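Trainee: Next come the chains, spelled out residue by residue.
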Amino acid sequence: MTGKNPAADPLRARLRRDWPLLLMTAPAVGLLLLFHYVPLLGNVIAFQDYSPYVGIAESPFVGFANFQWLLLDASFWDATLNTLGITAFQLVFYFPVPIALAILLDSVVRPRVRLLVQSVVYMPHFFSWVLVVTLFQQMLGGAGLVSQILRENGHEGIDLMTNPDTFLLLVTGETVWKDAGWGTIIFLAALAAIDRNLYEAAAVDGAGRWRRLWHITLPGLRPVVILLLILRLGDALNVGFEQFFLQRDAVGRDAAEVLDTFVYWRTLTTGEWSYGAAAGMVKGLVGLVLILIANKVAHRFGEQGIYKRT
Amino acid sequence: MTVSTARPIWDERPSVAGRTLKSVILTLIVASVVFPIYMVVLTSLSPQDVVSRAGGLVTVPGELTLAAYRELFSGGVVTRAVVISLAVTGVGTAISLSVTVLAAYGLSRPGSLLHRPLLFLILATYLFGPGMIPNYLLVSSLGLIDTYWALILPSAVTAFNLVVMRAFFMNIPGEIIDSARIDGAGEFRILGRIVLPISKGVVAVIGMFYAVGYWNSFFNAVLYLNDNAKWPLQVVLRQYVLQGQSLVVGQTSDTIAGEPLPPSLAIQMAIVVLALIPVLFVYPFVQRHFTKGVIIGAVKG
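Chains as they are written, first to last, in our numbering: chain A, 1 to 310; chain B, 1 to 301.
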């Protein structure tokens with residue numbers, strides 16, 4: 001970097017010097033303003049009885065009526081409970097998988113084997129949810145591979161894709177298949193950052209393989225684990241849209257309706273735009289509060305959190 | 001990331017049982033990814049009688065044929081969807097990547113005018129989204145409903161990708177850029193001649209992230225495209241494979257009294273393969289840059 005402080009120059013000089021940089025930034029900022037900030041204003045329809053025929057300007061204001069309706073709506077609460085239930089379930093049964101997988105991968109000594117396994121397990125992250133659900137359908141569905149094998153052996157086929165009782169297992173299984181491999185990247189980096197001398201010193205002191213795992217590897221991963229755990233909590237209302245949208249019909253609303261699909265279907269089937277916007281806004285606001293709380297907690301743990309001052 | 005090349009001397013050799021268990025687990029994990037893809041590809045390449053004899057998906061290779069693909073590409077819904085998806089992916093990725101590279105560089109010079117507030121404005125999009133309904137209203141009032149721009153513009157810039165790329169650019173030693181500036185190069189020339197050539201890896205990774213996003217885009221299409229003649233491949237995949245709806249493929253499909261039949265399993269699996277191929281094709285070339293690109297973004301974000 002240059003010796004002088006470029007921020008100290010007079011504004012006019014800085015403008016003359018930096019205008020190409022501003023020009024470069026303009027398209028991205030423009031797109032984000034238009035497609036991220038302008039629609040925020042559209043949330044005003046949550047306080048209206050919005051009708052697409054008369055538009056936002058002409059629709060009558062109704063105050064918090066939509067929100068009152070929402071809080072009295074059993075199906076809204078069902079969707080909220082489903083969302084939180086899925087988050088909680090995945091916290092227990094998905095969250096540890098990438099950590100375990102990363103430790104396993106890290107223990108693979110031969111580079112070629114390791115790179116091969118890594119390349120394969122990262123891949124499903126790049127498949128669309130339609131594709132993932134389709135593949136699961138072909139494996140576990142009524143006409144799928146598992147049923148096919150069962151029938152060949154004289155049993156009845158099973159259809160795991162339409163069973164509301166096992167839906168939690170199904171979506172968690174899909175998430176593990178799709179993203180557990182990709183999730184290992186950050187843990188592998190944390191593992192690579194652990195000082196190898198610690199292992200050697202522990203080994204000299206007589207610590208075996210498992211003691212080293214317990215006393216060196218796991219503590220070494222702790223900051224990343226805490227950070228990701230907190231971030232996950234901040235994201236509790238976002239379980240992913242497409243996965244549930246795609247499977248809602250097959251499994252039924254009782255099990256598969258989450259907040260995002262609730263907003264979509266309520267608005268689409270009834271044309272209650274204001275109501276859907278109110279539901280979306282509640283979700284967004286609760287999500288924002290959760291993220292801010294989570295970030296505070298992260299700072300409290302001495303971590304960077306999701307943003308830090310640059 | 002370092003890949004340890006040899007076992008350190010202090011590390012005792014693993015037991016045979018331990019080693020075997022580890023191999024079995026790793027093999028199962030790899031198989032769980034590879035095997036479904038293998039079956040789907042094989043079924044799509046098998047003629048009707050082989051599929052019927054297998055009673056579903058084909059696991060043992062027998063006779064192979066390209067009949068399913070020939071039928072899909074004989075014109076009609078799937079051909080059109082593939083063209084649409086490719087075009088949206090190409091145009092979208094080009095736009096996203098240019099806009100992101102420019103902004104990432106524009107915000108990467110320390111102390112430049114307004115870079116803090118602009119960066120904050122971009123980072124703040126991490127924290128909240130406007131919600132689906134307001135988004136829909138905006139897209140519709142811009143007149144983008146039933147246009148392909150509705151699949152591109154709303155998601156053209158991702159703050160995460162921008163921040164990752166900016167972090168990479170910031171790691172480039174300032175001396176290189178300063179010396180170019182002293183030699184009289186403008187910012188655009190510095191970006192094109194110096195920064196981009198040494199950033200091929202991260203550009204490839206971010207480009208792939210964007211491309212995969214466009215190729216996989218499904219929900220925007222469901223939301224913004226009412227006209228089913230404009231469906232991209234992912235929507236077709238859902239309609240004809242996941243939901244098993246009838247398919248009109250060119251003029252060759254079998255019909256009973258004018259009603260199109262549900263597509264055969266081989267054809268369904270061929271649609272799956274079409275959705276899969278671009279990812280499988282691009283992935284190996286970009287894959288080796290992942291770790292570097294993603295970790296830099298995660299650590300320096």
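To be clear, the hints were calculated from the coordinates, so they are not data collected in a lab.
Treat each hint with caution, since some may be false.
Unchecked claim - Covered stretches of chain B, as calculated for chain A (at least 3 residues, CB under 8 Å):
hint: 1; segment: 68-77
hint: 2; segment: 152-159
hint: 3; segment: 192-206
Said to hold, decoys possible - With the Cβ distance kept under 8 Å, some of the chain A side facing chain B (calculated, not the full set):
hint: 4; residue: LEU32
hint: 5; residue: GLY173
hint: 6; residue: TRP265
Computed from a predicted structure; not experimentally measured.
Cβ atoms here follow ideal geometry from the backbone N, Cα and C, with glycine treated the same way.
Trainee: Can you name, in rising order, the numbers of the hints this structure does not satisfy?
Mentor: 1, 3, 5, 6
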